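Engineer: Here's the letter readout for the chains.
Protein chains: 2
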Amino acid sequence: MTNDTAPGWAPLGVAPLDAGHAGVLAPQFKALGDPVRLRLLSMIAAAPDGEICVCDLTGAFDLTGPTISHHLKVLREAGLVDADRRGTWVYYRPRPELFASLARLLDGAHALAGVGR
Amino acid sequence: MTNDTAPGWAPLGVAPLDAGHAGVLAPQFKALGDPVRLRLLSMIAAAPDGEICVCDLTGAFDLTGPTISHHLKVLREAGLVDADRRGTWVYYRPRPELFASLARLLDGAHALAGVGR
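Line by line, the protein sequences are chains A and B. The UniProt record's numbering numbers the first residue of the first sequence as 1 and each following residue consecutively. The UniProt record's numbering numbers the first residue of the second sequence as 1 and each following residue consecutively.
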């Protein structure tokens with residue numbers, strides 16, 4: 001799906017991760033380690049137009065705007081979503097290549113099929 | 001790979017996660033969200049005999065035994081590894097079906113190929 005099929009680490013089950021790569025990957029998993037962020041990410045990833053306005057995210061949660069904004073910032077800083085401000089609102093887009101990269105780490109069988117080795 | 005190809009949630013990009021499933025999945029990702037735990041998990045998953053003694057894990061880290069034990073407990077409580085005590089030592093085994101499940105969530109393309117829809 002992507003050209004970056006040689007990420008510098010092997011999938012789980014193939015070889016141990018070194019400290020450097022673990023340090024890069026862990027914050028991405030940590031960003032996924034919260035139920036509100038997982039739900040936000042799933043809404044952003046499933047947006048019919050490929051992006052979604054923050055104004056369409058907040059209504060789904062019984063949380064304040066600043067709390068939602070904090071979680072969106074964590075997702076953005078982890079590289080899982082991109083964001084653009086246009087006028088009043090911020091619009092969020094998924095970065096599926098990063099999801100695929102984490103999936104490759106977790107599922108060696110998929111990784112091996114995916115990169116053709 | 002597994003028979004539980006209908007986990008009750010759709011991969012990212014297909015449909016939003018509900019709160020219940022997000023609440024189940026988030027702790028698993030949270031367990032992965034630490035570089036020491038990622039390295040431990042990768043060592044357990046890559047163990048040539050399908051399991052590895054805790055005595056072979058601790059030497060790779062400049063950390064105390066209790067700290068390593070804490071991280072292993074988090075992995076075990078998240079369901080990512082199984083553990084057996086035999087004699088003096090605890091032996092750890094990976095649960096690759098759980099890694100594959102998380103990979104399916106992250107990578108919709110893989111998920112769609114994997115479950116044949």
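Honestly, the hints are just simulated from the structure, not real lab data. Note that the structure is predicted; figures quoted are calculated from it, not measured. Some hints here could point you the wrong way.
Copies of one chain are not kept apart here, so a pair can be met inside one copy or by any two copies together.
[Said to hold, decoys possible] Restricting the straight-line Cα-Cα distance to at most 25 Å, the calculated cross-link-like pairs of lysine to any residue (SDA-like) are:
{"#": "1", "residue 1": "K30", "residue 2": "A10"}
{"#": "2", "residue 1": "K73", "residue 2": "D49"}
{"#": "3", "residue 1": "K30", "residue 2": "R86"}
{"#": "4", "residue 1": "K30", "residue 2": "D49"}
{"#": "5", "residue 1": "K73", "residue 2": "P16"}
{"#": "6", "residue 1": "K30", "residue 2": "T88"}
{"#": "7", "residue 1": "K30", "residue 2": "G87"}
{"#": "8", "residue 1": "K73", "residue 2": "A15"}
{"#": "9", "residue 1": "K73", "residue 2": "V14"}
{"#": "10", "residue 1": "K73", "residue 2": "C55"}
{"#": "11", "residue 1": "K73", "residue 2": "G13"}
{"#": "12", "residue 1": "K73", "residue 2": "D18"}
Engineer: Using 25 Å as the alpha carbon limit, work out where K30 and T88 are close: within a copy, between copies, both or neither.
Structural biologist: Neither way: K30 and T88 sit 30 Å apart in one copy and 33 Å across, limit 25 Å.
Engineer: With 25 Å as the alpha-carbon cut-off, assign the pair K73 and V14 to within, between, both or neither.
Structural biologist: For K73 and V14, the Cα distance is within 25 Å only across copies (23 Å; inside one copy 33 Å).
Engineer: My question is about K30 and R86: at a cut-off of 25 Å on alpha-carbon distance, are they close within one copy, between copies, both, or neither?
Structural biologist: So K30 and R86 fail the 25 Å test inside a copy (29 Å) and across (32 Å) alike.
Engineer: Taking 25 Å as the upper bound on the Cα-Cα distance, should K30 and G87 be classified as within, between, both, or neither?
Structural biologist: Neither. Shortest intra-copy (31 Å) and inter-copy (35 Å) distances fail the 25 Å Cα cut-off.
Engineer: Using 25 Å as the alpha carbon limit, work out where K73 and D49 are close: within a copy, between copies, both or neither.
Structural biologist: Classified as within; 21 Å inside a copy, 42 Å across copies.
Engineer: Is it within, between, both, or neither for K73 and C55, if the alpha carbons may be no more than 25 Å apart?
Structural biologist: within (15 Å within a copy, 40 Å between copies)
Engineer: Is it within a copy, between copies, both, or neither that the alpha carbon of K30 lies no farther than 25 Å from that of D49?
Structural biologist: neither (27 Å within a copy, 29 Å between copies)
Engineer: 25 Å Cα cut-off: does K73 pair with D18 within a copy, between copies, both or neither?
Structural biologist: Answer is between; shortest inter-copy Cα gap is 21 Å, intra-copy 28 Å.
Engineer: Can you tell me if K73 and G13 fall within 25 Å by alpha carbon in one copy, between copies, both or neither?
Structural biologist: Between copies, since 20 Å is at most 25 Å while 32 Å is not.
Engineer: Since the copies are identical, ignore which copy is meant and state whether K30 and A10 lie within 25 Å (CA to CA) inside a copy, between copies, both or neither.
Structural biologist: both (20 Å within a copy, 21 Å between copies)
Engineer: Which holds for K73 with P16 at a C-alpha limit of 25 Å: within a copy, between copies, both or neither?
Structural biologist: Between copies only: 19 Å across, 31 Å inside.
Engineer: Is the C-alpha distance from K73 to A15 at most 25 Å within one copy, between copies, in both cases, or in neither?
Structural biologist: between (32 Å within a copy, 22 Å between copies)
This entry does not satisfy hints 3, 4, 6 and 7, going by the numbered hints stated previously.
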